[in-house]
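These protein sequence lines map, in sequence, to chains A, B, C and D. FYI, in the numbering used here the residues of the first sequence are 1 to 527. FYI, in the numbering used here the residues of the second sequence are 1 to 269. FYI, in the numbering used here the residues of the third sequence are 1 to 337. FYI, in the numbering used here the residues of the fourth sequence are 1 to 493.
Read the hints as simulated data drawn from the structure, not as lab findings. Every residue, glycine too, gets a C-beta built ideally from N, C-alpha and C. Hints may be right or wrong, so weigh each one.
Stated by the list, open to error - Here are some chain B residues pointing at chain D (derived, C-beta under 10 angstroms): (1) Arg-34; (2) Leu-123; (3) Glu-158; (4) Arg-159; (5) Ala-225; (6) Gln-232.
Claimed, not checked - Not close to chain B: a few residues of chain D, all C-beta gaps over 12 angstroms, as computed: (7) Ser-56; (8) Arg-219; (9) Ala-220; (10) Arg-236; (11) Asp-237; (12) Phe-247; (13) Val-291; (14) Asp-420.
Said to hold, decoys possible - Listing some non-contacts, in silico: residues in chain C with all C-beta distances to chain B over 10 angstroms: (15) Leu-32; (16) Leu-41; (17) Asp-64; (18) Arg-82; (19) Leu-84; (20) Trp-91; (21) Ala-130; (22) Ile-131; (23) Leu-182; (24) Trp-184; (25) Pro-197; (26) Ala-209; (27) Pro-256; (28) Ala-322.
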Amino acid sequence: MSVLEVAALRIAAGMREVVRDLSFTVAEGETLALVGESGSGKSATARAVIGLLPPGLRQSGGRIAFAGQGLSALSPARLRALRGPGMGMVFQEPMTSLNPAQRIGAQMEEGLALHRTLDARSRRQACIAMLERVGITDPERRLQAFPHEFSGGMRQRIMLASVMLLRPRLLIADEPTTALDTLTQAEVLSLMKELAREQGSAILLITHDLGLVARHADRALVMQAGQAVEEGAAAPLLAAPRQPYTQALVAALPRRGPSRALPQAAPLIEARDLSVAYPGRGGWFRRAAPMQAVQGVSLSIHPGEVVALVGGSGSGKTTLGRAMLRLLPASGGSLLFRGQDVTASTGPALLDFRLACQIVFQDPYSSLDPRMRVRDIVAEPLRLPAGMPIPERQRRAEAMLAEVGLGGLGDRYPHALSGGQRQRVAIARALVRNPAFVVADEAVSALDATVRKQVIALLRDQQRKRGFACLFVTHDLGVVEEIADRVVVMQSGRIVEEGPRDQVLDAPAHDYTRALLDASLRLPATA
Amino acid sequence: MRLRLNLVIGGTLMGAVLALAVLALAWTPYDPTRTNLRRRLRPPSADYWLGTDEFGRDVASRLMAGAVTSLGVAAATVLVALAIGIAIGLASGFLRGWVDRVLGAVNDTLLAFPGILLALGLLAVIGPSRSGIVLALGLAYAPTVARVVRGSVLSIREREFVEASRALGNSEAYTLLRHVLPHTAAPVTVLATSLFGWVILSESALSFLGLGVPPPAATWGNMLASARPFMQEAPLLSIAPGALIAICLLGANLLGDALRDLLDPRDGA
Amino acid sequence: MSRATAPGPWTRHAPGACGSFAEVALYVLKRLLAAIPTLLLVAASVFFLMRLIPGDPALLVLGDAATPEAIADLRASMGLDRTLPVQFALWLSQLLGGDLGFSITSGEAVGPLILDRFGVTAAIVLAAVAIAVLLAVPAGMLAAWKQGSWGDIAAVSLATLLLSIPSFWLGLILLLVFGLKLGWVPVVGYVTFAENPWAALHYILLPIATLALVEIGVLIRMARASTIEVLRLDYIAHARAKGVPESRVLLRHAFPNAFAPTLTLVGLVLGNLLGGIAVIETVFTLPGLGRLLVDAIFARDYPVIQGVMLFIALVYVSVNLAVDLLYPVFDPRVAAE
Amino acid sequence: QDLLRIRMNADIRSTDPGVNRDANTDGIAWHIVEGLVALRDDATVAQMLAERVDVSPDGLTYTFPLRAGVRFHNGQALTSADVAFAMQRYMRRETNWRCRADLDSAATRLTAVETPDDRTVVMRLEKPSALFLTILARPDCGQAGIWHRDSLNADGSWRAPIGTGPFRLGEWRRGQFVELTRFADYAALPGEPTGLAGNKTPLVERVRFTIIPDEAASRAALIAGNIDILPDARSRDLPDLRARPGFSVHSAPSMDLQTVLMQTRDPLLQDVRMRRAIALALDVPELVRAVSEGGSRPSRSPIPPGSAFNTPAMLEVPPRDLAQARRLAQEAGYRGQKLRIITTRRYEAFYEIAVVVQDMLKEAGIESELEVLEWATQLDRYSRGDYQMMAFGFSARLDPSLSFEMFTGPKATQPRKAWDNPAVQAMLDQTMAEGDPARRRSLFEAMQARLMEEVPIIALYSSTTHGVTPRHVQGYRSWAVDAPRAWGVRIVR
Ligand SMILES: Nc1ncnc2c1ncn2[C@@H]1O[C@H](COP(=O)(O)OP(=O)(O)OP(=O)(O)O)[C@@H](O)[C@H]1O
Ligand SMILES: Nc1ncnc2c1ncn2[C@@H]1O[C@H](COP(=O)(O)OP(=O)(O)OP(=O)(O)O)[C@@H](O)[C@H]1O
Ligand SMILES: [Mg+2]
Ligand SMILES: [Mg+2]
């Protein structure tokens, strides 16, 4: 018997339909994955199921039945009674889905108090047991803590604990781990599956990550623009997609590119024993110890080489990347560019260094000034070195835009572009001055799988064509496979492993690298 | 729906007051400072639409002239407050470190001052005049502007395009002016609108205490102040300028709300 | 003259409500020490600014019939014949001894004078803000909860309207209607609470109502805006997804989080009211701190001006400190920083 | 029930008579302490604590036999030693008595206070003075009030007044009120009350002077029954108050002087033709009518109309002559420059005078603008002589010499003086020493003539005091000074 039945669901945002004629069922104990690109209506569907559509969206048709019971017929009170023990929901953003002003004990107990007739003591016991179950140590004391005292992964686990405490028959998880780093992501998802299995809950898992689907889902439903395109058992569906859209999604999964032999040359840029520290918070009486984000890292990058810098969240990747561009001051060690020490250079020397180096940031939205036209953004680097006349700058910018596939879009503002297009603009800006060295800090992490594929291709092509060296910061090993010549693994501010790509990926020497590799989700077919 | 209503009502109110001021520049029924001691405190009539004040001056004409003064003073004050506040806010937000700390201390000092004292002190030193009021109130409100600007600079400077500009080798000054400053426009516009209302209010409050734009020039504030003794026998004298102040404030507040909604990035993008 | 607006004070990091007593005490001490430069700056600028202003207290006392000899005598007895830096140093050293000096017009000790007048002002301001908070915060939250409903539109319109009425004008009209026309409350005067609480209430009713009405406008809007902000967040949806009833969602989940920013505003409002209260005290002829300051300014009573200014600055700092200390109760995240 | 509530526009400065004072302070002081002599309603001097005053023929020795049966509020009998003690304190420089300089000046110098016996006080002057007794009686000198020595602290500083007056000091709550209580053992003079002299029997148990700074609020308080005497209603409120049943208005001419001052050192105004042009441009009767709401008469002399020295010639108002004004201005080289008229809103009359003057000058083609200053600033500018024109008011001077002296003097040493003319100064000095009223009068007439010729100031009028009381208050009268008198007043319900 199915726990959830959705028939001909329609959801409208004003006059626009964002979900059209969607039907599916979730059987007892089953995990159904809802897959699709951003904006395809996955969250809207999930919210409709639990009856909590945000203002602006409304269900304009169709029927949703939980355990055979139509939801639209229920009174608000009955519906409320159903939420929690019937349907539980885990949200995407661990940072905002717990009430910051309430102790987590109180938040966890709340559901129990509402839906079960337990005394305070047994509620507490249940909470403690559950926290223990999700791997929070010292649960008794931690019940008194506030959410901000936990890391993102812990919060997501607490969230999960508080939902599973009520043993819901259906667990709705809307991208429950996208905000977490690879290692934590894997942990939380496995935990979720395990708990669901123990309690016999069905799961409606929403994701745009095919790796997740392959690993955790029984069945999958692929959505595009509010409609179902394809549905079926997860493994066969991914192995042999029938619909072109699904095929495109699958094709977008990263594949290892050929390894290259690069000519020996003197290092282009070299970090020697580089350390970076963030100053501690100042006070009147004492100053907190500085935070050592990068500690004695030595790394050299040769002309034309693509080095991938991987590591867990907070391991110091971004810090190292920025320090190598002198966007952050080094607290120790030195930085050499073409053999020249540039660790502390200023004025013209610094400008020369700046002119030769560039950076592409993770967030395609925030790295572009929203008040400048795309053409001006791309032309801006040409201000320096001074001397190029403005029409010439504009012409070059147009040419560069055409090269990244944005010909004719120069008059637009960033907000009028898609995420992928924006990232192309950022790449064009970085490359227009023909830099010798580019740092790409998670340059594709924020993009949809299909778009990511295209942007990686663009970067790779440009790299091959222009021959700049590149430090590619990422936590996504798939990307590494596609583009890197060499891999550097960081953990807590130090380099723990370094070597040619194939060697590091196929025969990891360090435990941490192995853990990273295990956690990264790759389709069985390509693994 | 609410947004448009705010815009329409706020715009209409402000527009009407503005139109009144523009008209007053060209024409008023009578000379607003012309006294006529034989016609003091007349009730409204066909000749004097809103009656006359204690010097026999035409109230309607004075209200119109008052619109010019009040709006002019408010606009100039807002500009002064913005100029000072933006400079301080930009500097302390962007440079941080000791600059921020020093400016923060000065700012806190100014905020801890009752505006009246600041205004009085400056007015007495500069001499009571429109420019005195403008400078005094401008200084009094600059810290508020500085705080808002600093706040938005702090959030903008964390955005990556600022860092990108640096990475391009652009100087700090260029980055500040080209990439940071324009982004304070939205919060500052909203603030400026509210500020406009507050300044009109403050100017009238200062006039009420006898420190405002010096008479016989008409401002709503000093009209209200001089009407106060006649509250009972000529209530219209106090009601009319008070109502105009309220209308102006309401307009500014509604416009401010509308602008806030318009410029909210959540709905804008 | 509300200068209150958007973001909170320049810096904000307080020890948690959960911090130990010693931690909190240390923090309070630190904050008060940190305020010393500000207070000194206030003191110095007031001192020298006031002396830049033309006008001579001796002349004011003696009036139009003052002879040069009489003025010189009086100035000497007021201690105004010494050079400015000497006067400032003297005043500062007195201040360190906890002595604010004596009014040069009335000869009263400034410290007790300020405390005496502050009673009236504090009673009015605190009562007004308390009433405003009690009425406006629930109203604003309900409006946010029913965003877009007629009730919401009515609340916002009312708030905007209240916000747009000059307080002194409102005060005058209230005085006219309730004092003169209806005769419900006395028109002038003041009795302290110690003397006769019931009568005292009558005297400060209208001033409180005036201030409260205006602040209600500010606070409704603030409470509504921050509640709307909070209601958009996932944890509200999470609470609802747990089947929590709406009343509890509002009270337990939305309120504490929405109240935190409002609290900051309340702090600012309190500070500003202290500065801007002079107008209200003038309208209602109350012997409060604002009136004392304005009168002292008009009389060039330097010790009183300096004392009041310093006191107001201190109150401003303390109120913001209190807000900061209270803040973690509503938003424990702040404590972490 | 037996509480009389009187409006006071500001708090008093102290209870120390004539020392740390202003008009309100004087007004409280004269209920508590009395001097040897006191002023009558017409500003002449009468005996008070002195039985009478005997002046020696050479005018140098004043003998004051004290009245019998006068007691201080603490029950002690008044003796000549008390008088000497108080006078010595007044004459010490550190005391800062308002009138010490007046009794130590070229015109009047007190050289000795003697007490030949318990009941007699003798005072000696360096040379004869027409002003001596007036100074002793002046309210702003605290009437040289006599208080018991227990009014001082052990260290000689002032504590609280223990006087002989009809009321004793009750409670002074700063910023709120000053309360006086009836002195049961008051030794009243027979007859009627007049000025600060005559029969001053207190008829109410308590008098409370309630501080209400605001004019409108004061009137409201009167109407609402929160006060019993409004001693200084604004003239513009009178029509309304008169129309109300149950209120009576008590008007009395006052001895102050409202003027327009002109700086005779100003490049433009130093030309007497320009000053005359300005005077001619003003329609003084119209101006006075407007500003005082018809309550006061114009007067072009500094000597107030109520004074015995005011002659019909002084009341004569030259008619307005716009054509002549234009011509004179033209001759003086006036070419449309803007004159600056300083005024303040602290005193409504100053402001109104300035507004009307500006308007009237405009009709004569003389442009001007107002500089509205805060009072402290205006006073500062006045005392430095830093003005072109100024609407200004002088408080009551109770002697005609002083009425001229208040604006006459050398600018070099006293920049505040408007009229700097050595010849006039000599005449003024003469009036101060001259004992014969007829000779004084002719001197004043001569000075008045020169004043009208040289126009350093334009005297406009002396104002009128309007006290208002509800019907249940009986026996209240306004007088030449704004501050009220609570003796002789009773409440009848
Ligand atoms: N509150 C809302 N008001 C109006 N339109 C909305 C609202 N929320 C979402 N939409 C629109 O509905 C559509 C579907 O949104 P939904 O959030 O369900 O997408 P999604 O598949 O979950 O995407 P993502 O992977 O980015 O979370 C989108 O076009 C979105 O713009
Ligand atoms: N501005 C800062 N001030 C203080 N500490 C910082 C700052 N920025 C980063 N850190 C700390 O430095 C460490 C390294 O941070 P970094 O951003 O380099 O990590 P990362 O490897 O890029 O992580 P992610 O994958 O999450 O981007 C982290 O512990 C982080 O908390
Ligand atoms: Mg979604
Ligand atoms: Mg990073």
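Status of each hint after checking the structure:
1. Arg-34: holds, 7 angstroms
2. Leu-123: holds, 8 angstroms
3. Glu-158: violated, 48 angstroms
4. Arg-159: Since the shortest Cβ distance to chain D is 49 angstroms, the answer is violated.
5. Ala-225: holds, 8 angstroms
6. Gln-232: With Cβ-Cβ at 7 angstroms, under 10 angstroms, it holds.
7. Ser-56: Non-interface label stands for Ser-56/D: nearest chain B Cβ at 53 angstroms, farther than 12 angstroms.
8. Arg-219: Given a closest Cβ separation of 8 angstroms, the condition is violated.
9. Ala-220: Label violated. Min Cβ-Cβ 8 angstroms, cutoff 12 angstroms.
10. Arg-236: violated, 7 angstroms
11. Asp-237: Given that some Cβ of chain B is not farther than 12 angstroms from that of Asp-237/D, nearest at about 8 angstroms, it is violated.
12. Phe-247: Nearest chain B Cβ is 14 angstroms from Phe-247/D, so the label holds.
13. Val-291: Its Cβ does come within 12 angstroms of chain B, the nearest being 9 angstroms, so this is violated.
14. Asp-420: holds, 27 angstroms
15. Leu-32: At about 14 angstroms from chain B, Leu-32/C clears the 10 angstroms cut-off, so the statement holds.
16. Leu-41: violated, 4 angstroms
17. Asp-64: For Asp-64/C, whose nearest Cβ neighbour in chain B is about 20 angstroms away, the distance exceeds 10 angstroms, so it holds.
18. Arg-82: Check passes; 22 angstroms lies beyond 10 angstroms.
19. Leu-84: holds, 15 angstroms
20. Trp-91: holds, 17 angstroms
21. Ala-130: Holds, since 22 angstroms exceeds 10 angstroms.
22. Ile-131: holds, 21 angstroms
23. Leu-182: About 14 angstroms separates Leu-182/C from the closest Cβ of chain B, which puts it past 10 angstroms; holds.
24. Trp-184: holds, 17 angstroms
25. Pro-197: Check passes; 29 angstroms lies beyond 10 angstroms.
26. Ala-209: holds, 17 angstroms
27. Pro-256: holds, 23 angstroms
28. Ala-322: holds, 15 angstroms
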